[in-house]
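Fit chain B to the supplied structure of chain Y, relying on the hints for placement.
This is what each chain is made of:
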Amino acid sequence: MTPASVILLGLVAGLLFFDFATMRKGGRRIFLVECVAFVAGGALIAFPDVATRLAHAVGIGRGVDFVLYPLVIWLVRESLVSRRRRFEEAERLTEIVRAMAIEQAVRIEGRASGGQVHGLGQSDAHGTNRAPSH
Amino acid sequence: MRVAVLMPVWNDPDALARTLRGIRHRASEVGDVTVFVVDDGSSPPVLAARLPPPDASFRIVLARHALNLGQGAALETARKLALRDTPYDVYATMDADGQHRMEDLRALAEAIASGADVAFGNRFEGASNIPSVRRVVLFAARIFENVLTGMRLSDAHNGFRAFSYRAVARVQIRQNRMAHATEIRQQVSREARGGKGAARRTDSLRVVEVPVSVRYTAATLAHGQTSLGAIAILRDLFHRYLFGGSE
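Quick note, the sequences are listed as chains Y and B, same order. Going by the working numbering, the letters in the first sequence line up with residues 1 to 134, in that order. Going by the working numbering, the letters in the second sequence line up with residues 135 to 381, in that order.
The following block holds chain Y by itself, in its conformation from the complex (with noise of 0.2 angstroms):
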């Protein structure tokens, strides 16, 4: 095993332990998928010669590059699908925020000092809040 293996076990390992250790309450499920992906990938890494030898079957030329090549497409899926999660959230938010916003907004009248303010009407017949008129 060359020095380079035992670094990256060890992360490997360190990172396992510190995910078990800091685990939240019903997170047992997605640490046990993390465990079976950390000892797939351990495993690479201690026998090399597997993942070279998997590489040669599919015509690839390095056992590295075989797990780089699926590695990377699938964190660009992940990072254009998570991005497009973030987005929708947002705008939901924003809906929420602007709706909360626009039912409190008030009208200010008379001597503003005296914290006089109107709500903007009540709701008509078709459940909108219209200001009234001035």
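Read the hints as simulated data drawn from the structure, not as lab findings. Check the hints yourself; a few may be wrong.
Claimed, not checked - Mimicking DMTMM-like on lysine to aspartate or glutamate, the simulated pairs with C-alpha atoms at most 20 angstroms apart in a straight line are:
| # | chain 1 | residue 1 | chain 2 | residue 2 |
| --- | --- | --- | --- | --- |
| 1 | B | Lys214 | Y | Asp65 |
| 2 | B | Lys214 | Y | Glu91 |
| 3 | B | Lys214 | Y | Glu103 |
Stated by the list, open to error - Stretch-level coverage of chain B by chain Y, calculated; a stretch enters the list once three of its residues show a Cβ under 8 angstroms from a Cβ in chain Y:
| # | stretch |
| --- | --- |
| 4 | 175 to 187 |
| 5 | 214 to 220 |
Backbone N, C-alpha and C define an ideal beta-carbon position, used for all residues, glycine too.
Below, chain B alone, put in the same frame as chain Y:
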């Protein structure tokens, strides 16, 4: 003339109060002004008690975002609020930091009253004291927006503009942050040319540019957009293009 001013504000209550006092002082010159102030999650929040009181020609409607969403989101909330009221003759967007002048508001409103649907303020024709770095960025932004929207304007990303009722009803701001200025121009361009997605091809919007003088001070520059904000704008436009679906 009944004018609705759409005014987002974030974390500068003193400048807001000064700006509103200035508008109140000269509102009668324009006619009847209602300012739709949207506090975009300021901390501490804008207090109604600190705003100038209404008079015969000046009123304030105050709304508050529970979270800071961005200037575009606050403008859209103000637009929606104003559209719930009885129709105004003019809908103007103005900054809350006092860099926009009442005489320019009057000029923009008069352009709408004269038959234009959208009046974009042009800082390069007025007596604006635009810093040189900002000039370079705006020059690049102008070329970018002219190519992107197909509408040739002399200024880019100027927050001082006015709309007729039928124009403001057609412009929906979906960009929460600073890219809303480009988005507004894209929508106006589409509606002016009767292009794809326009409400009606025979009912296109008439667009004009009006010289305005924007006053840049150390405070407005510190609080406003930075030149590096252009990168964030490009990112937001790209994200909307990728994830926003067809409009």
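Hint check:
{"no.": "1", "hint": "B/Lys214 to Y/Asp65", "verdict": "violated (54 angstroms)"}
{"no.": "2", "hint": "B/Lys214 to Y/Glu91", "verdict": "holds (16 angstroms)"}
{"no.": "3", "hint": "B/Lys214 to Y/Glu103", "verdict": "holds (11 angstroms)"}
{"no.": "4", "hint": "175 to 187", "verdict": "holds (count 6)"}
{"no.": "5", "hint": "214 to 220", "verdict": "holds (count 5)"}
In terms of the numbered hints stated before, the structure departs from hint 1 and from no other.
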